[in-house]
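4 protein chains.
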Amino acid sequence: MVHIHARDAQGNNSSDVAIYQDIIRRIRAACGILIQTTNGIGVRRDPKTGEFLWPSDEDRLALLTIVPKPDLYGIAAGTIDFYHPEGGYEVETPYVNTQHFLKSTLPHVFKIGSTVEFELVEVSVVHRLARLADQGVFDRNASNLWMLHGGGLGNTPPTARALVYSVDEQQRLFPNAKWGVLGAGKAQFTMVGMGVAMGCDTVRVGFEDNIYLPNGSAAKRNHELVRAARVIIEGLGCEVATPDDLRQTFQLRPAA
Amino acid sequence: MVHIHARDAQGNNSSDVAIYQDIIRRIRAACGILIQTTNGIGVRRDPKTGEFLWPSDEDRLALLTIVPKPDLYGIAAGTIDFYHPEGGYEVETPYVNTQHFLKSTLPHVFKIGSTVEFELVEVSVVHRLARLADQGVFDRNASNLWMLHGGGLGNTPPTARALVYSVDEQQRLFPNAKWGVLGAGKAQFTMVGMGVAMGCDTVRVGFEDNIYLPNGSAAKRNHELVRAARVIIEGLGCEVATPDDLRQTFQLRPAA
Amino acid sequence: MVHIHARDAQGNNSSDVAIYQDIIRRIRAACGILIQTTNGIGVRRDPKTGEFLWPSDEDRLALLTIVPKPDLYGIAAGTIDFYHPEGGYEVETPYVNTQHFLKSTLPHVFKIGSTVEFELVEVSVVHRLARLADQGVFDRNASNLWMLHGGGLGNTPPTARALVYSVDEQQRLFPNAKWGVLGAGKAQFTMVGMGVAMGCDTVRVGFEDNIYLPNGSAAKRNHELVRAARVIIEGLGCEVATPDDLRQTFQLRPAA
Amino acid sequence: MVHIHARDAQGNNSSDVAIYQDIIRRIRAACGILIQTTNGIGVRRDPKTGEFLWPSDEDRLALLTIVPKPDLYGIAAGTIDFYHPEGGYEVETPYVNTQHFLKSTLPHVFKIGSTVEFELVEVSVVHRLARLADQGVFDRNASNLWMLHGGGLGNTPPTARALVYSVDEQQRLFPNAKWGVLGAGKAQFTMVGMGVAMGCDTVRVGFEDNIYLPNGSAAKRNHELVRAARVIIEGLGCEVATPDDLRQTFQLRPAA
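Chains as they are written, first to last, in our numbering: chain D, 2 to 257; chain F, 2 to 257; chain G, 2 to 257; chain R, 2 to 257.
No lab work stands behind these hints, which were simulated from the structure alone. Values in this document were obtained by computation on a predicted structure and should not be read as measured data. Treat the hints with care, as some may be off.
As the list claims (entries may be wrong) - Away from chain R, derived, C-beta distances all over 12 Å, residues of chain G:
no.	residue
1	N13
2	I28
3	D60
4	I113
5	S115
6	V124
7	R129
8	Y166
9	P176
10	G207
11	T250
Said to hold, decoys possible - Here are the in silico distance ranges between beta carbons for each label pair:
no.	chain 1	residue 1	chain 2	residue 2	range
12	F	E91	R	V92	54 to 62 Å
13	F	P86	G	R222	51 to 59 Å
14	F	P86	D	V68	39 to 47 Å
15	G	R222	R	N142	52 to 60 Å
16	G	T243	F	M2	35 to 43 Å
17	D	D140	F	G200	40 to 48 Å
18	G	G12	R	S57	29 to 37 Å
19	F	E59	D	S57	41 to 49 Å
20	R	A219	F	G137	52 to 60 Å
21	D	A219	F	S57	38 to 46 Å
22	G	P176	D	D23	47 to 55 Å
23	G	H101	R	R132	48 to 56 Å
24	R	Q252	F	M2	48 to 56 Å
25	F	G33	G	P176	46 to 54 Å
Claimed, not checked - The calculated lysine-lysine pairs, modelled on DSSO-like cross-linking and capped at a C-alpha distance of 30 Å, are:
no.	chain 1	residue 1	chain 2	residue 2
26	R	K179	D	K187
27	D	K187	F	K104
28	F	K187	G	K104
29	G	K104	R	K187
30	F	K187	D	K104
31	R	K49	G	K49
32	G	K112	G	K70
33	D	K104	F	K49
34	R	K187	D	K179
35	F	K187	G	K179
36	G	K104	G	K70
37	G	K104	G	K179
38	G	K104	R	K49
39	D	K187	R	K49
40	R	K104	G	K187
All residues carry an ideal CB built from backbone N, CA and C; glycine is no exception.
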């Protein structure tokens with residue numbers, strides 16, 4: 002599966018639906034890999050002040066209308082102090098993800114026969130989602146829920162202690178959900194190791210979160226990071242899923 | 002110790018320094034109890050739309066200039082999804098507490114010989130504060146740091162599991178800090194019980210967080226909640242501190 | 002409920018069934034309190050060497066034949082290094098509780114319409130019991146299982162961290178079980194406070210584990226400790242159960 | 002490092018010092034690998050009854066006198082219900098490791114300039130060792146202490162939750178100790194993965210605990226399991242230590 006953020010011709014984060022559509026068409030023409038978009042978009046900097054400019058909810062929700070549709074979606078699911086120096090957020094900044102934003106995204110995604118990766122960069126997001134589920138926004142017991150436990154984005158450190166606590170809370174509250182891990186910066190692969198050893202369903206690696214290979218050298222291409230994850234996954238006796246495996250796991254409608 | 006939020010003549014949350022000054026003078030005239038103010042202020046509602054109106058950083062920072070000075074301060078220390086139906090926040094809403102706000106408050110408070118209660122309504126705030134301490138904003142090893150672990154405000158539930166995790170992380174990162182507990186709504190007294198049994202230094206009870214006595218009936222006056230806390234504290238073999246005890250514990254300058 | 006260990010005329014721990022029968026008859030004649038016996042018995046000392054003499058499995062299993070039957074039973078459920086200076090075990094000593102002993106006790110107790118309190122003085126005992134349940138020795142999902150989490154007997158300290166971990170493991174593996182707490186020595190009442198605040202079903206206090214009241218003075222009679230527990234229980238907004246409540250909770254057959 | 006249990010000509014576990022001496026001489030003649038013996042020995046079966054026969058403390062302590070001396074030692078440090086079907090203990094059985102045994106082993110090992118791996122098959126053993134350290138049996142703050150956290154021997158399951166809890170308790174009580182992991186049966190490599198991702202100092206793999214490679218096939222030789230561990234270690238960006246590294250880490254006297 003490939004997780005996509007679009008950039009414009011100048012290399013800046015972009016919310017331009019046309020760019021996303023072009024990316025999806027080109028990938029689909031080349032291979033059958035599953036495609037995930039998010040409505041995180043990411044910030045741009047004000048060219049004058051250098052300050053972060055966050056996209057509006059409107060811009061973010063527009064990404065739900067991309068056609069051809071991606072196979073899966075992702076959503077930043079909590080309001081936090083965001084800090085991710087490896088990803089270009091070397092200054093901590095509030096990252097607001099409102100109930101309105103979640104309530105507009107979630108039912109839509111499930112209705113069109115897809116699923117959404119909940120980015121849980123703090124354990125508090127697990128508890129927030131439980132409240133949303135109690136309000137009927139989505140089904141707490143669905144087996145195609147997908148929870149991504151992070152370490153090193155936001156405030157939560159990439160420790161086994163934090164991961165175990167987060168996964169335990171999630172499994173108590175969403176007992177049938179699939180779950181994955183991500184780690185920012187040099188913790189990317191230790192988080193993969195912990196997650197796989199704990200039986201996670203997905204891992205996320207790549208340049209969005211980190212550029213370093215396990216041995217400390219910088220990767221030149223994203224696929225080097227993917228290969229390094231594969232060594233860990235297979236070293237621990239697991240297998241990498243195929244796109245068809247994942248379609249089944251997440252109960253996805255066939256790509257249109 | 003008394004924790005104060007001011008209200009104006011209409012009963013709305015107020016940031017008016019004059020009201021705070023009047024309150025402090027009247028309390029000091031009456032007795033020697035320690036006085037704590039915060040710069041949380043609280044929201045008002047837009048009279049037209051009914052939406053929450055949050056105070057600006059400027060309004061909040063102005064509360065540091067109150068004279069006569071309160072004995073201690075308090076600060077909401079993390080950016081979260083705030084939800085506290087017992088306290089009038091029955092709709093979840095983003096609660097932003099910026100680095101700028103913290104960096105303006107903390108050094109000031111320590112410099113004038115007081116201390117500040119860090120409201121940790123999520124464990125992620127502990128980790129955020131560790132980063133601030135690493136940046137030199139305050140001394141991680143100071144013995145007059147004061148950490149308030151909450152349950153039921155924001156997303157974190159008032160469970161022993163969440164409290165133990167939060168206190169463990171805090172004690173690892175701020176080994177000499179004093180710590181306390183608060184619980185929102187009916188969990189107010191179970192949080193007191195857990196905290197005292199775990200050896201906490203302070204407990205917070207009162208109408209800001211809850212109106213119910215342990216037996217489920219509504220208290221009419223704040224002091225009923227304080228008395229109910231006292232029963233638990235003494236039932237567990239502890240004693241209630243005097244103002245002088247607390248001055249020593251928190252290394253406070255004598256009241257001016 | 003009263004938890005009974007018998008002593009002979011010389012004041013030594015005794016496995017004499019006749020003494021137990023006499024005790025039960027006298028209590029039943031006096032009041033309707035529920036009666037619990039265990040087959041722990043406790044050690045005696047060799048009058049010559051001063052070394053501990055542990056009762057044999059045979060002696061211990063004989064206590065299942067007491068008539069009139071007690072209402073409930075108790076069993077030391079794991080093999081551990083026992084250390085309980087407040088209880089007269091000031092030298093650590095191996096405490097062996099074999100599978101044979103458990104397999105002889107458990108089905109018998111459930112068959113006669115009673116239940117048994119599993120003494121979990123280490124979290125490892127929770128995991129051992131899960132294995133026994135997997136082998137069919139008792140029903141893991143029964144709602145009249147009764148788990149007693151201890152602190153300060155054996156190696157496990159009376160901390161919130163240890164208690165939360167033990168209760169979490171127990172609730173994951175025995176989701177419908179009732180549970181209680183005990184603490185040895187001065188931790189007796191802090192364990193009661195934690196347990197009640199966490200929603201436990203039973204607490205155990207008394208001279209077997211501790212002689213000190215919460216304020217640090219020595220109790221002269223067992224009922225002083227019971228009253229001190231009652232202050233905590235009611236201070237936290239709970240009520241003390243009646244014998245009839247407990248008969249229902251534990252699905253006990255009426256006393257013969 | 003190689004961890005040795007001796008067998009006699011019939012293939013049974015043996016406490017014969019001469020066999021150990023022969024093994025050590027042959028290994029030293031062949032290469033510079035570090036050699037660890039334990040005084041666990043292991044059980045034999047009574048040829049008539051089939052029951053386990055445990056070695057006496059005397060037999061076990063005799064293994065401290067092996068000459069040439071091994072480089073490091075190991076000790077089963079707690080009394081537990083032992084259960085290890087992969088290791089031939091398919092029936093649970095009490096495994097007693099007395100204070101006398103520990104107090105006779107530990108000071109001796111540290112005095113001769115070696116160190117000892119404490120086998121912590123339950124977290125309760127961490128707490129027991131803290132009590133022994135408080136009694137002066139060994140130095141709690143020494144930096145050459147060596148703690149082995151196990152999953153799947155005894156009652157403790159090979160979960161991340163159990164491992165994190167055990168390591169946290171150990172690091173709180175023995176802050177400078179080195180630590181490692183082992184897993185029984187098919188959990189051998191998931192425990193390695195968790196341990197390495199958490200920053201452990203040593204991992205233990207081999208036929209004593211498990212015969213399966215990560216992919217589920219049975220290994221024919223011990224070194225296949227070692228190689229599989231190496232893939233995980235290097236996949237997570239760590240390096241395998243040399244004997245000289247380990248001598249320094251554990252502050253070992255040069256081999257005599």
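Hint check results:
The non-interface label for N13 of chain G is consistent with chain R: the shortest C-beta to C-beta separation is roughly 24 Å, beyond 12 Å. The beta carbon of I28 of chain G is kept farther than 12 Å from every beta carbon of chain R, the shortest such distance being approximately 34 Å. At roughly 18 Å from the closest C-beta of chain R, the C-beta of D60 of chain G stays outside 12 Å, upholding its exclusion from the interface. Distance to chain R confirms I113 of chain G as a non-interface residue, since its nearest Cβ pair spans about 26 Å, more than 12 Å.
Annotated as non-interface, S115 of chain G keeps its C-beta farther than 12 Å from every C-beta of chain R; the closest such distance is 25 Å. The claim that V124 of chain G lies off the interface is violated: its Cβ sits roughly 7 Å from the closest Cβ of chain R, which falls inside the 12 Å cut-off. With a least beta-carbon separation of about 4 Å from chain R, R129 of chain G fails to lie farther than 12 Å from that chain, contradicting its non-interface assignment. The non-interface label for Y166 of chain G is inconsistent with chain R: the shortest C-beta to C-beta separation is roughly 5 Å, within 12 Å.
The claim that P176 of chain G is not at the interface with chain R holds, since no C-beta of that chain comes within 12 Å of its own (minimum 16 Å). With a cut of 12 Å on Cβ distances, G207 of chain G stays outside the contact zone with chain R, its closest approach being about 24 Å. With a closest Cβ-Cβ approach of about 28 Å to chain R, T250 of chain G is found to remain outside the 12 Å limit, as its non-interface label requires. For the hinted restraint 54 to 62 Å between E91 of chain F and V92 of chain R, the CB-CB distance of approximately 58 Å keeps it satisfied.
For the pair P86 of chain F and R222 of chain G, the beta carbons lie near 46 Å from each other, so the given range of 51 to 59 Å is not met. Against the hinted window of 39 to 47 Å, the Cβ-Cβ separation of P86 of chain F and V68 of chain D comes to about 41 Å, which satisfies the hint. As the Cβ distance of R222 of chain G to N142 of chain R is approximately 44 Å, the hint placing it in 52 to 60 Å is violated. For T243 of chain G paired with M2 of chain F, a C-beta distance near 40 Å keeps the hint of 35 to 43 Å intact.
Taken as a hint, the range 40 to 48 Å holds for the pair D140 of chain D and G200 of chain F, whose Cβ atoms sit roughly 41 Å apart. Here the CB-CB span from G12 of chain G to S57 of chain R is close to 35 Å, well matched to the stated 29 to 37 Å. As the Cβ distance of E59 of chain F to S57 of chain D is approximately 25 Å, the hint placing it in 41 to 49 Å is violated. A beta carbon spacing of about 57 Å between A219 of chain R and G137 of chain F agrees with the range 52 to 60 Å that was offered as a hint.
Our hint of 38 to 46 Å for A219 of chain D and S57 of chain F holds, since their Cβ atoms are close to 43 Å apart. For the pair P176 of chain G and D23 of chain D, the supplied restraint of 47 to 55 Å holds, since their beta-carbon distance comes to about 51 Å. Distance hint check for H101 of chain G and R132 of chain R: the Cβ-Cβ separation is about 29 Å, which falls outside the suggested range of 48 to 56 Å. Restraint check, Q252 of chain R to M2 of chain F: a C-beta distance of roughly 51 Å satisfies the suggested window 48 to 56 Å.
For the hinted restraint 46 to 54 Å between G33 of chain F and P176 of chain G, the CB-CB distance of approximately 52 Å keeps it satisfied. About 23 Å separates the Cα atoms of K179 of chain R and K187 of chain D, which keeps this hinted pair within 30 Å; it holds. For the given pair, K187 of chain D sits about 28 Å from K104 of chain F by alpha-carbon distance, which is consistent with the 30 Å threshold. Our distance criterion of 30 Å between C-alpha atoms is broken by K187 of chain F and K104 of chain G, whose separation comes to about 43 Å.
The hinted pair formed by K104 of chain G and K187 of chain R meets the criterion: a straight-line CA distance of about 28 Å does not exceed 30 Å. A C-alpha spacing of about 28 Å is found between K187 of chain F and K104 of chain D, which places the hinted pair at or below 30 Å, so the restraint holds. Straight-line distance between C-alpha atoms of K49 of chain R and K49 of chain G comes to about 36 Å, which puts the hinted pair past the 30 Å bound. With a C-alpha separation of about 13 Å, the suggested pair K112 of chain G and K70 of chain G falls inside the 30 Å cut-off, and the hint holds.
At roughly 24 Å between alpha-carbon atoms, K104 of chain D and K49 of chain F fall within 30 Å of each other, so this suggested pair holds. In summary, the hint linking K187 of chain R to K179 of chain D is supported, as the alpha carbons are separated by about 23 Å, within the 30 Å threshold. Taking the CA atoms of K187 of chain F and K179 of chain G, the gap is about 23 Å. The hint holds against a cut of 30 Å. The suggested pairing of K104 of chain G with K70 of chain G holds, with an alpha-carbon distance near 20 Å, which does not exceed 30 Å.
A C-alpha spacing of about 21 Å is found between K104 of chain G and K179 of chain G, which places the hinted pair at or below 30 Å, so the restraint holds. A hinted pair counts as satisfied when its Cα atoms are at most 30 Å apart, and K104 of chain G with K49 of chain R qualifies at roughly 24 Å. Pair hint K187 of chain D plus K49 of chain R does not hold up; C-alpha atoms about 59 Å apart against a cutoff of 30 Å. Proximity of K104 of chain R to K187 of chain G is assessed by CA-CA distance (about 28 Å); at most 30 Å being required, the pair is judged to hold.
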